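Put together the whole structure using the sequences plus the hints.
So the protein sequences, as listed, match chains A and B. Residue 305, in our numbering, is where the first sequence stops; the numbers in between run on with no holes. Residue 262, in our numbering, is where the second sequence stops; the numbers in between run on with no holes.
If we take Cβ atoms under 8 Å as the criterion, some of the chain B residues that face chain A in the derived model are:
| no. | residue |
| --- | --- |
| 1 | 6 |
| 2 | 7 |
| 3 | 9 |
| 4 | 10 |
| 5 | 13 |
| 6 | 14 |
| 7 | 17 |
| 8 | 100 |
| 9 | 108 |
| 10 | 113 |
| 11 | 257 |
None of these hints come from the bench; they were simulated from the model. Bear in mind that the values here come from a model prediction, so they are computed numbers and not experimental data. Every residue gets a Cβ at the ideal spot worked out from N, C-alpha and C, and that includes glycine.
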Amino acid sequence: MSAAIEIRGLTKRYGDVLAVDSLDLHIEPGEVYGFLGLNGAGKTTTIRALLGMVRPSSGGVSLLGRVVGPYGDGPWRRVGHLVETPAAYPELTVRENLEIARRLYGVEDRGATSRALERFGLGASAGRRAGTLSTGNRQRLGLARALLHEPKLLILDEPANGLDPAGVVEVRELLGALARERGVTVFMSSHILAEVNRLASRVGILHHGRLVEELDAADLEGRRARRLVVDARDRAAARSALEAAGYAVTVDGRGGGLALADLRAIEAPDEVARALVAAGAPPLRLAVEQEDLEEHFLRLIGASA
Amino acid sequence: MRHGLAALWAESLKARRSKVPWLTALGFSLAPLMGGLFMVILKDPARARSMGLISAKAQLTAGVADWPTFLGVLAQATAVGGAMLFALVTAWVFGREFADGTVKDLLALPTPRATIVAAKFVVVAVWGTALAALVLALGLVVGAAVGLPGWSWALLVRATGDLAATACMTLALMPPVALLASIGRGYLAPVGWAILTVFLAQILAAIGWGSWFPWSVPPLFAGLAGPRSAQLGAHSYVVVAVTFAAGLASTFTWWQKADQSR
Chain A
1 MSAAIEIRGL
11 TKRYGDVLAV
21 DSLDLHIEPG
31 EVYGFLGLNG
41 AGKTTTIRAL
51 LGMVRPSSGG
61 VSLLGRVVGP
71 YGDGPWRRVG
81 HLVETPAAYP
91 ELTVRENLEI
101 ARRLYGVEDR
111 GATSRALERF
121 GLGASAGRRA
131 GTLSTGNRQR
141 LGLARALLHE
151 PKLLILDEPA
161 NGLDPAGVVE
171 VRELLGALAR
181 ERGVTVFMSS
191 HILAEVNRLA
201 SRVGILHHGR
211 LVEELDAADL
221 EGRRARRLVV
231 DARDRAAARS
241 ALEAAGYAVT
251 VDGRGGGLAL
261 ADLRAIEAPD
271 EVARALVAAG
281 APPLRLAVEQ
291 EDLEEHFLRL
301 IGASA
Chain B
1 MRHGLAALWA
11 ESLKARRSKV
21 PWLTALGFSL
31 APLMGGLFMV
41 ILKDPARARS
51 MGLISAKAQL
61 TAGVADWPTF
71 LGVLAQATAV
81 GGAMLFALVT
91 AWVFGREFAD
101 GTVKDLLALP
111 TPRATIVAAK
121 FVVVAVWGTA
131 LAALVLALGL
141 VVGAAVGLPG
151 WSWALLVRAT
161 GDLAATACMT
171 LALMPPVALL
181 ASIGRGYLAP
191 VGWAILTVFL
201 AQILAAIGWG
211 SWFPWSVPPL
221 FAGLAGPRSA
231 QLGAHSYVVV
241 AVTFAAGLAS
251 TFTWWQKADQ
261 SR
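Dropping the structure here:
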């Protein structure tokens, strides 16, 4: 079975600016791939190249086994997309906007429009002009459009943008279900790293146009740094006691307590507690914490920069 | 064929739901109405003065109030007005995709980009033809209401042919407008271009180079500077055809190849 997405040595230059630099990606059918990066990292350029909207300076892209471009050719009947801010024809109703998409995608089934409206809770707004929609509902319309033709591959740029918390959960569950139950491949860029963390089976981190790390859920678990966070009433005394016991101590950036990154401390917090009690600075809190994707991302980007 | 019909349906729906067709129809309706008013004044200047339609000081020395003159005025109005209003229509049909940010939804579809561009040109052509037909129809009503002399069916056939040819040539100059709306990603560049070409068409026609300048050809054909046989040659129609073909080819190529990075 061919890859859902195959990117080979993709490079895109705009004059002197190198937007994407020798990017290679291989994404299997049914994967949910999270594509992370700061603003200007090259995520949207990559997505536009995947969709044949920009011509690579070198390298190439295949989707669902078919080469994309050079004249906008691609397996578009099987691909749904949402690029950056969702747009709609403002003077047309929500239904009319979707009806245009249905026809241009060549979907014969007239019921597809109504199903897409219901799936994204837009039934009540079907007759409203798209120009009057809230940001969240415009995002729903963009997602409805992307899914209207039941694609096998979804390429989504910031799918949770503008959605309220309930909408974020709804979209997460929908995308997860599509991947699990129908084998739909989801390629999504996002700034909401917690969302990517919950949904993606694999994550790629792009920085200055280069893929600096690619990891699956197990990798992420293994590579995310762990630390022992300690707090005491007398933090200065606790710090002195721990340093005297041979631990490397830093200040915990989030809670203001103390953080120990030594494996010795993480694997034997009881020893740490004993040293603190013996020094007359008993711990108020002692916890092994693991960085989340956001912290891992920032640490990696910081190191890369 | 299926894709073509889908694209045509989509483009016509966008046009039907817009206010722009009504505004252009309103703008084009002014031509026969103003022409009719002019005919009333020419027909009986003393009465027009007494009705307050013209100033007592106005000197009307040229022009005859009859059907041939009136129908000629309509063709000239189609040439000059069409250069602006057809350009506005074209700028809207193409430029709106960029102004509304919807162009990115037209690029990765089973319906080929060339089909979508072709559908847009068809809508511009139909829209322009409808506006020209409106000018003629309204002109006939106004002319009849004014009671102009000199009517004949042969005249109507000839005038309809002239007006249709003028409208066709004016529409043939729209592909460069579509190209500029695409490259400029909006309305400003094509509207600026339309104003510039109307201005240059007047200047070049005045200094005698109009037969070589495509944008001067439709108004000269309509008789704006006298009988067309004295103004235009075969080369004039060739430059219009070349402008049409080059503009069309460039617009299709741009949509196929240009980076859509915004």
